[in-house]
Amino acid sequence: MTKILALIIPLIFFGSFAFALFRKVRVYDSFADGVKGVLPLIISVFPYIAAITMLSKLMEVSGLSAAMAKWLAPAFDFLGVPKEIAPLILIKPLSGSGGIAVLSDILEIYGVDSYISRCACVVYGSSETIFYVGAVYFAGLKRKKLNAAVCIAVISYLASVVFACFLCKIM
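According to my numbering, the sequence shown is numbered sequentially starting from 14.
Don't read these hints as lab results, they were simulated from the structure. Do not rely on the hints blindly, as some may be mistaken.
[As the list claims (entries may be wrong)] Distance condition first, Cα-Cα at most 27 Å in a straight line; then the derived DSSO-like pairs of lysine-lysine:
{"id": "1", "residue 1": "Lys-83", "residue 2": "Lys-70"}
{"id": "2", "residue 1": "Lys-83", "residue 2": "Lys-158"}
{"id": "3", "residue 1": "Lys-182", "residue 2": "Lys-96"}
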């Protein structure tokens with residue numbers, strides 16, 4: 014079964030290549046044209062990604078993330094969210110790699126089978142780096158309504174955190 018799964022991506026690639034040849038598409042020229050279109054996107058997205066990366070690192074290094082986690086602990090406790098995963102909840106919308114580092118710390122401290130670790134894993138797996146994805150999606154738009162989109166994304170993220178911890182508690 015593992016060998017079959019390992020062949021799926023190469024089969025999709027070669028199947029697409031064969032289909033393009035069958036349709037008489039100039040594959041290399043199409044690839045080069047696609048790459049040309051990516052460079053302006055990368056240039057337009059770079060400032061947003063740099064800002065998000067610096068913000069997430071500054072939050073961690075300055076201690077703001079720890080202070081916010083301590084300040085929000087009573088609210089999380091009221092909502093049924095373990096206060097131990099507050100740092101993960103705060104960093105995940107900013108940085109996926111920062112979120113995985115916090116998740117690794119939680120798993121190491123509390124063990125992989127604990128309620129806290131299960132909540133942390135479900136929260137990590139069911140959420141997205143809101144600001145990173147927002148930067149990528151909105152970088153190419155001329156009319157940006159970023160405020161509404163980010164507010165909706167953050168509210169839905171917090172609702173998913175509460176629901177994820179509720180599901181972990183009843184299961």
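Can you list which hints this structure breaks, lowest number first?
2
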